[in-house]
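For the record, the sequence lines run as chains A and B.
Residue numbers for the first sequence follow the working numbering, beginning at 5 and rising by one.
Residue numbers for the second sequence follow the working numbering, beginning at 407 and rising by one.
Keep in mind that the hints were calculated from the coordinates and are not lab data.
Keep in mind the model is a prediction, meaning the values are calculated, not measured.
Wrong hints could be hidden among the right ones.
To be verified - Derived pair list, reagent style BS3-like, types lysine-lysine, alpha-carbon separation capped at 27 Å:
#1 B:Lys-463 - B:Lys-420
#2 B:Lys-484 - A:Lys-46
#3 B:Lys-420 - A:Lys-72
#4 B:Lys-420 - A:Lys-46
#5 A:Lys-46 - B:Lys-417
#6 A:Lys-5 - B:Lys-463
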Amino acid sequence: KQEVTQIPAALSVPEGENLVLNCSFTDSAIYNLQWFRQDPGKGLTSLLLIQSSQREQTSGRLNASLDKSSGRSTLYIAASQPGDSATYLCAVPYNYGQNFVFGPGTRLSVLP
Amino acid sequence: GAGVSQSPRYKVAKRGQDVALRCDPISGHVSLFWYQQALGQGPEFLTYFQNEAQLDKSGLPSDRFFAERPEGSVSTLKIQRTQQEDSAVYLCASSLVGDTEAFFGQGTRLTVV
Numbered sequence: 005k006q007e008v009t010q011i012p013a014a015l016s017v018p019e020g021e022n023l024v025l026n027c028s029f030t031d032s033a034i035y036n037l038q039w040f041r042q043d044p045g046k047g048l049t050s051l052l053l054i055q056s057s058q059r060e061q062t063s064g065r066l067n068a069s070l071d072k073s074s075g076r077s078t079l080y081i082a083a084s085q086p087g088d089s090a091t092y093l094c095a096v097p098y099n100y101g102q103n104f105v106f107g108p109g110t111r112l113s114v115l116p
Numbered sequence: 407g408a409g410v411s412q413s414p415r416y417k418v419a420k421r422g423q424d425v426a427l428r429c430d431p432i433s434g435h436v437s438l439f440w441y442q443q444a445l446g447q448g449p450e451f452l453t454y455f456q457n458e459a460q461l462d463k464s465g466l467p468s469d470r471f472f473a474e475r476p477e478g479s480v481s482t483l484k485i486q487r488t489q490q491e492d493s494a495v496y497l498c499a500s501s502l503v504g505d506t507e508a509f510f511g512q513g514t515r516l517t518v519v
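Based on the sequences and whatever the hints tell you, model everything.
Here is the structure:
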């Protein structure tokens with residue numbers, strides 16, 4: 005059974021810092037990995053999708069990497085801003101894409 | 407539509423009432439997922455549709471939960487005889503096919519009192 009974990013559970017940083025969020029998964033036979041952002045009381049917003057054949061994917065100040073063999077992905081946020089404060093979740097498809105398994109999330113606070 | 411739309415956004419139900427939650431996926435998306443998210447936790451899978459076929463309902467917590475997507479577009483999640491432990495945010499997502507990028511709605515926050 006696929007299990008996804010995220011470290012740290014919570015993170016508080018001053019504005020302007022670069023930071024790294026970690027995601028680990030137990031079954032490396034994945035097609036892709038997706039990072040989401042969730043603001044309090046809101047749904048999930050897709051940030052980046054990395055295909056299994058890719059090692060990195062970039063969007064603005066966000067960079068996500070994927071290492072299937074070690075079962076890890078990292079989300080790098082450059083020059084963090086207070087508007088980046090949210091919960092960040094990673095998810096992998098499971099059972100031929102009939103299910104996405106989510107990590108518990110990292111709650112990020114960027115202080116002005 | 408432009409995105410996945412869920413209604414209502416908020417629902418308060420008395421214990422024992424039946425509720426129905428609606429999801430309008432992105433037009434043309436074959437796959438539709440329902441998730442349940444408890445406070446402070448990641449979403450937990452409930453059920454999956456490919457067009458009108460419900461291919462996986464292994465995550466439905468009890469037989470009080472029922473989902474349908476009769477015409478392969480709009481989906482409804484029904485909860486019968488609601489209980490306090492059903493209080494959660496219910497999220498709907500759609501994708502072109504199962505393992506491509508998934509897009510989520512804003513969710514329905516259900517509170518059972």
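Right, here's what the structure says about each hint:
1. Our distance criterion of 27 Å between C-alpha atoms is met by B:Lys-463 and B:Lys-420, whose separation comes to about 26 Å.
2. Restraint check for B:Lys-484 and A:Lys-46: satisfied, since their Cα atoms lie roughly 21 Å apart, inside the 27 Å limit.
3. A C-alpha spacing of about 46 Å is found between B:Lys-420 and A:Lys-72, which places the hinted pair above 27 Å, so the restraint is violated.
4. Restraint check for B:Lys-420 and A:Lys-46: the C-alpha separation of about 23 Å stays at or below 27 Å, so the hint holds.
5. Proximity of A:Lys-46 to B:Lys-417 is assessed by CA-CA distance (about 15 Å); at most 27 Å being required, the pair is judged to hold.
6. Between A:Lys-5 and B:Lys-463, the direct Cα distance comes to roughly 16 Å. Compliance with the 27 Å bound is thereby established for this hinted pair.
The structure shown violates just one earlier hint, number 3.
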